[in-house]
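Residue numbers (UniProt numbering), protein chains in the order written: chain A, 1 to 689; chain B, 1 to 689.
The set of hints was computed from the structure by calculation and includes no laboratory data.
Mixed in with the good hints there might be a few duds.
Heads up, the list lumps identical chains together, so a pair's fine if it works in one copy or across two of them.
Simulated crosslink set (DSSO-like; lysine-lysine; CA at most 30 Å straight-line) [claimed, not checked]:
#	residue 1	residue 2
1	Lys681	Lys209
2	Lys681	Lys535
3	Lys76	Lys535
4	Lys458	Lys538
5	Lys457	Lys681
6	Lys227	Lys131
7	Lys598	Lys449
8	Lys209	Lys598
Computed from a predicted structure; not experimentally measured.
Letter by letter, the chains look like this.
2 protein chains.
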Amino acid sequence: MSQTIDRTSKVPAAQQEKPVVDVAALGERLMGRWAAERRASRELAATPAMQRIPGQTMAEHRERVLEQLKILVEHKSVHKAFPKSVGGLEDAGGNIAQFEELLLADPSLQIKSGVQWGLFGAAVMHLGTEKHHTKWLPGIMSLEIPGAFAMTETGHGSDVSAVGTTATYDESTQEFVIHTPFRAAWKDYLGNAALHGEAAVVFAQLITKGVNHGVHAFYVDIRDKDKNFLPGIGGEDDGLKGGLNGIDNGRLHFTNVRIPRENLLNRYGDVAEDGTYSSPIASPGRRFFTMLGTLVQGRVSLDGASVVASKLALTIALSYGSQRRQFTAASDTEEEVILDYQRHQRRLLPRLAETYAMSFAHDVFLEKFDAVFTGRADTDEDRQDLETLAAALKPLSTWAALDILQEAREACGGNGFLAENRLTLLRADMDIYATFEGDNNVLLQLVAKRLLTDYSKKFAGADAGALAQYVAGQVGDATLNRTGLRKLAQSIVDFGSTARSVGYVRDADAQRQLLTDRVQSMIAEIAGRLRDAGKLPKMEAAQLFNSNQNALIEAARAHGELLQWEAFTEAVEGIEDAGTRQVLTWLRDLFGLGLIEKHAAWYLIHGRISAQRAQAITSYIDDRLLPRLREYALPLVAAFELSPELIGAPIALGAEKERQDEAMLYYREQRESGTAPIAEKAPAKPVRA
Amino acid sequence: MSQTIDRTSKVPAAQQEKPVVDVAALGERLMGRWAAERRASRELAATPAMQRIPGQTMAEHRERVLEQLKILVEHKSVHKAFPKSVGGLEDAGGNIAQFEELLLADPSLQIKSGVQWGLFGAAVMHLGTEKHHTKWLPGIMSLEIPGAFAMTETGHGSDVSAVGTTATYDESTQEFVIHTPFRAAWKDYLGNAALHGEAAVVFAQLITKGVNHGVHAFYVDIRDKDKNFLPGIGGEDDGLKGGLNGIDNGRLHFTNVRIPRENLLNRYGDVAEDGTYSSPIASPGRRFFTMLGTLVQGRVSLDGASVVASKLALTIALSYGSQRRQFTAASDTEEEVILDYQRHQRRLLPRLAETYAMSFAHDVFLEKFDAVFTGRADTDEDRQDLETLAAALKPLSTWAALDILQEAREACGGNGFLAENRLTLLRADMDIYATFEGDNNVLLQLVAKRLLTDYSKKFAGADAGALAQYVAGQVGDATLNRTGLRKLAQSIVDFGSTARSVGYVRDADAQRQLLTDRVQSMIAEIAGRLRDAGKLPKMEAAQLFNSNQNALIEAARAHGELLQWEAFTEAVEGIEDAGTRQVLTWLRDLFGLGLIEKHAAWYLIHGRISAQRAQAITSYIDDRLLPRLREYALPLVAAFELSPELIGAPIALGAEKERQDEAMLYYREQRESGTAPIAEKAPAKPVRA
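Work the whole structure out from these sequences, hints included.
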């Protein structure tokens, strides 16, 4: 099977006036700061032992993934994030980068690793203190202690502060009593809980001296070495799921299980022998969010894994689309390559642009994460920014990955449905990425609240008039921009030539202005509607807020899109090779103009673009950007640097081309030898039967 | 487990001024003309023997579905469509209706039945003649002859006219020689081909006397009773797929396989002993499309099955959404039911409206199908209308089902991901519905071509000026409407009150006008751009057409949406009960206004609605329609009449409510008994740690 993506591919010499993409340099840029970690992880992911075997039963798949975790340990792939005191490297960013790439082998492997080291291990690390690290981290790192992260309950996923499990301190024995008071408080959907877990970090309401101090984390042994539940502990297997069946998700419940006082992971809250509670963070609310904030790495790695999956999906679909032929629209003998059809370009190329945007945005995100968790930039504000970034990007990228996998599947037709071509199984696995580590819709509300808070800080005490003025005047506001921008006023009535209409929005500053303006205006409008919420009774305030919930989520999404666009633009500006920069500028334009086209109704309603300009944007995408970028589809996916072993899908590795070539040769030989049957002549005049 | 949907549910007495839905009558209306067939099929689908067992291996699942086909035979569920001459009932509509409902048990069962009786059997029936019926249909009906429908090849799916398989007539032996000339011409993705099929209807280029008469169908035995391939025939198993793994899809190839001349299914084309070809249809193109047209029932049943799946998905998600609670926004003690959140309503209620529209549109479609295939209304034009209906509705409903299943999955959170709650497995199975029986994007192009043809017939010989005038004047055109309508002119500048803005579009005639106008204008615009295509060389014409491909597909989609809206409106007008009619009118408005909102950019660009009106539509949906319809969510899904056995998903059958009630009782008792721990007091003044 021949490899169809040429790493050194350049546009043919005959077209040398056209820009040329430096695939190798672009590939390096896409790999980003942790290129070495990513490449090492891909090398491992390319080995058969780490890859999924489609069609395994759930039981077989679970055992296989457990064995793969042991291989990761042997390869010393799991120590990076942990403290140097226990043999780790304290390399937060490199650790995440390498785990993201494991998705290429099998998402179950990525997620089960994430459960063991990114959730269970990270909770001990971030919520525990030195004594906990010394005691448990070595066993966690070596997989001697497989563990579960017991936060979510059947009854509470999004609202973790309301979990039902209690941890009540008993002064007389200096123990916590972990207890599940009702069925909805069973811990649920926990990886490692159904079979392999021997311990768990259990999140429970900490109660001492009759006071509930809110949710804290406790280290609890749950099974003995023979995998039998310890006394007081029970559980169930979650059974078959829509995907990720290499992970043994399950439920746990606790009946007055006693654990030593020291098993409270006490970095942010402790209980003295006499039951006195203390915390370095006075506000219970802030304490809770600080604890949860240490676990943001799950969101980082889902965002990164979604980027990886999107790259793989588009590598498959664009490779196939460049070889598959169907219908003879333009020739009597040779069929069209399907990527030459406009619709096919419309389906895949904007998604390629989105993938680039997601990839560059993820770099910014991972960089921020690394800065916070290595302590380079770790103020309260840094942490809040990181959380907002996580809450904005993870929903967009996880949804995008599902959309891209689906479109890629459909673009590969029946071939796309075969398990061997990977798209369907990957999509099934990644479905739940939209829900875990924070439901996407809930996360976007967190973003919106942050945007509203920032907005109201800026306008503290402002009356309705000032707000209205802000809304009216913000066309010229550029607080989110790094450069001064000309006003958009003329756009409202620009009935000039189409070329002029397009010329304007092709400009990066204009795209930035339009995207920024939309976020600001949406938030300002909502803030205006919510301005009296504070004065209302709780129920009415809730109703008012609820009647703006959909608009809030849309504003948060617009904010995330702007972040992606900014990251893409910054990356393009940093590229030195002129040809590559030109092609990526087109791709960035496709992303930016695609967003403006998608939200054209908003821009038209708010007078930000004219009807003529809105139409010009669509024409520019269809008639210019798509045909131009179609020529670079293969170099642009080649820069993803996915080896044949990582791509896996036969249809992306030459099988289709081989078949097409053979068929074309057959017909050509028939024509040339004169052995082709002649076509039945149509009757001179169509006769109706 | 309690049943959560009350078949007799009415809105509580306290709210009697509000309209009441007559659930039973609405259910009867939704069941439609073939209610008896649907109910009988559902009864069978509700039995454990017919239902899918999640987690079975591919091999187990395939065997199980084969056994289920035998149960269908025993229940005399497969004879309906076949000729009376062989013991059938010639009940085309009733037959399809019953097969659609089998999806509730397992989509693999629906599709494998469809392969055996709807494709393989139907090809013998529609493309063969009396002698073929007598010889093979009894064995096909009894499953004595399991068979494959060998049309698609690895290299040709959408463009069936270009399949590579040949059937060359040999006068000397009076046989056809079936041959596969290259790998791309292997028959592929065929149900029954990997294991069970003993015969196949093979589509091949009919060549006699050196002339290729185009694709015809041939009956070919492929395996003996021990399931060994006959000489000259080989194949492969397609292996694991993204879904539908209860079907043994596979590949077949033929090496000079000789079959008797009589095995040509000769209704539309025959070869005499001496090799002379004859056909009742002189034009090879029309002949081909007539043959394919007889096989439209696949599209009908995928459309219907998508409606059934959407009903099931929304029954599950809306039942769960009415019981699941999360966050205490409006109360200090009781959490909110998640369907009370605006976003949750936005996610599910427009999809409920869409499902109603799809359901009523499917009734129209099935009625038309029945009229054509029972001969009640079977002119050329009827058949063309049926095919256009099929090509417009099947893409919309199969895509909608995937979208609805996914949104329902996400709306059920982690619970939605468990296989037992069905949404993920159903979605995985139905993924390929977007591709088979005609790729959705290809089908929509057929619709667009029909719309263009109709348009150009109307304007045959018209010059560019006449076309332009049409575009300008069509605001008042009502050719697609059944009623005269007032002009929309005032809408362009209606800066009146919001109430007036909304009042106008709430009107059914205005919705019809806006939706109709959009289809007509889009087609007129494209026709204008394509008007010189006929004069261009083939390649340039193809390029011109290609540069309008995306717009064509969007126009076709708009046409399909209009058909759905018309069907919904007609159904609402036929409902006698005032309360039901009122609620369904709101639901229809949500569908219609939702379409206008979705396409608001087009309406704004083309001056059909003002900015103010566009905003008023969104406000009307958010502030009026969603809160109103939220109260009727359960009666509206109750009218789908899905029994607990058919719903299957535990979260939709009371498990969630039971858990929520238990938890609420626990906390209430704690509060009342004074044993609840008190919450930690927040510090008087927030202190930053």
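Which hint numbers does the structure go against, in order from smallest to largest? 3 and 8
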